[in-house]
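Sequences and hints are given; from them, build the entire structure.
Here are the chains, one letter per residue:
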Amino acid sequence: MKNTTIYLLYFAFLGLSTSVAFIPTDHFEVTDGYSIDFKSKDPSGTFKKMEGDIDFDASNLESSKFNLKIDVSSISTGNGMQNKKAQTEEWFDAKKHPMIKFVSTKVEKKGSDYSIVGNLTMKGITKTVTIPATLSESGNKITFKGNFNVNRMDFKVGKKSDIVPDVMKIAYVVPAVKK
Amino acid sequence: MFKHYFILAIISAIISSIVGGLYATYYYKLLFDFSMVLPVWKIVAAYFSISLIAAGIRFLFDFLLAKWGELVFNVLFGALTIASIIHPILMNGDFEMAEMYPGFAIPLYFILTLIWLALAPAFIKKPLK
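Residue numbers (my numbering), protein chains in the order written: chain A, 1 to 179; chain B, 180 to 308.
In short, the hints are calculated from the structure, not lab data. Small disclaimer: the values here were computed from a predicted structure and weren't measured. Accuracy of the hints is not assured; some may be wrong.
Within a straight-line C-alpha distance of at most 30 Å, the following computed DSSO-like cross-link-like pairs (lysine-lysine) qualify [stated by the list, open to error]:
#, chain 1, residue 1, chain 2, residue 2
1, A, Lys69, A, Lys159
2, A, Lys109, B, Lys221
3, A, Lys2, B, Lys208
4, A, Lys109, B, Lys208
5, A, Lys106, B, Lys208
6, A, Lys156, B, Lys246
7, B, Lys221, A, Lys178
8, A, Lys169, A, Lys156
9, A, Lys123, A, Lys156
Here's what the structure looks like:
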């Protein structure tokens with residue numbers, strides 16, 4: 001091989017590996033305007049507090065990651081008694097497990113949308129879930145929104161019941177600003 | 180001449196990636212999964228990047244310092260590797276089991292240097308001047 005080819009290969013490998021290894025992706029923090037709603041025949045409601053950060057680069061999804069936490073005590077069903085019950089040992093056990101956590105392991109592009117695969121931890125039980133996400137961008141703000149289902153029995157949240165269905169429909173909106 | 184340095188960098192990076200990748204994969208499976216903080220592909224990319232930078236510096240040292248190039252480079256590479264472990268120690272990350280992270284990450288900082296320096300005599304045999 002000629003020296004020029006070697007130098008070209010050297011700088012190509014160097015540039016590629018250095019950019020992948022050391023150039024950081026955009027970092028975002030969850031900001032006001034989020035909503036995590038759950039819907040079923042009964043109950044329905046929302047979690048009012050969440051926090052987290054997102055590393056997201058549409059051109060480098062491998063380095064993108066989501067790390068989100070939802071405060072269990074912020075549950076609001078529109079019924080004070082239900083809110084209290086939801087935090088008991090039988091349901092979310094908020095004393096032992098105050099946070100619902102989601103940490104992504106893979107972000108993939110699906111058409112014009114995204115698919116976020118990750119570990120959802122609820123009541124100390126971790127399961128892999130896939131969350132579809134639609135992205136909208138405006139200035140230094142990105143917003144992910146989408147719908148997915150969670151089977152509460154997978155996380156031992158409550159007992160089997162004729163009144164409360166196993167599968168809860170989750171609708172979320174998570175806006176985040178660049179930091 | 181530079182070809183030997185380039186091949187050394189690539190082979191060292193490949194072997195280090197296999198060793199480091201296996202170490203990280205088994206650590207994530209057996210002890211704690213830090214893949215969100217340090218995914219295996221990032222370890223591989225870092226090994227390639229550092230290995231190539233080291234090859235470029237070694238080539239320059241050999242060219243500029245003749246027979247002293249190897250000694251100066253080896254001392255510098257070793258010292259920088261030891262100094263670099265301060266990064267995981269002071270990282271103070273906001274993630275689960277952050278206190279375990281330095282113990283996991285520090286061996287990764289030595290793998291490339293050890294392999295690179297062990298293989299170097301097989302590829303770089305004579306001083307350039």
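Hints and how they fare:
Between lysine 69 of chain A and lysine 159 of chain A, the direct Cα distance comes to roughly 24 Å. Compliance with the 30 Å bound is thereby established for this hinted pair. A threshold of 30 Å between alpha carbons decides the hint, and for lysine 109 of chain A with lysine 221 of chain B the separation of about 20 Å falls inside it, so the pair holds. With a CA separation close to 45 Å, the supplied pair lysine 2 of chain A and lysine 208 of chain B exceeds the 30 Å bound. Of the supplied pair hints, the one linking lysine 109 of chain A and lysine 208 of chain B holds, its CA atoms being roughly 27 Å apart against a limit of 30 Å.
Among the hinted pairs, lysine 106 of chain A with lysine 208 of chain B is consistent with the structure: their alpha-carbon atoms are about 17 Å apart, no more than 30 Å. For a cut-off of 30 Å, the pair hint linking lysine 156 of chain A to lysine 246 of chain B is broken: about 69 Å separates their Cα positions. Pair hint lysine 221 of chain B plus lysine 178 of chain A holds up; C-alpha atoms about 23 Å apart against a cutoff of 30 Å. The suggested pairing of lysine 169 of chain A with lysine 156 of chain A holds, with an alpha-carbon distance near 17 Å, which does not exceed 30 Å.
Taking the CA atoms of lysine 123 of chain A and lysine 156 of chain A, the gap is about 7 Å. The hint holds against a cut of 30 Å.
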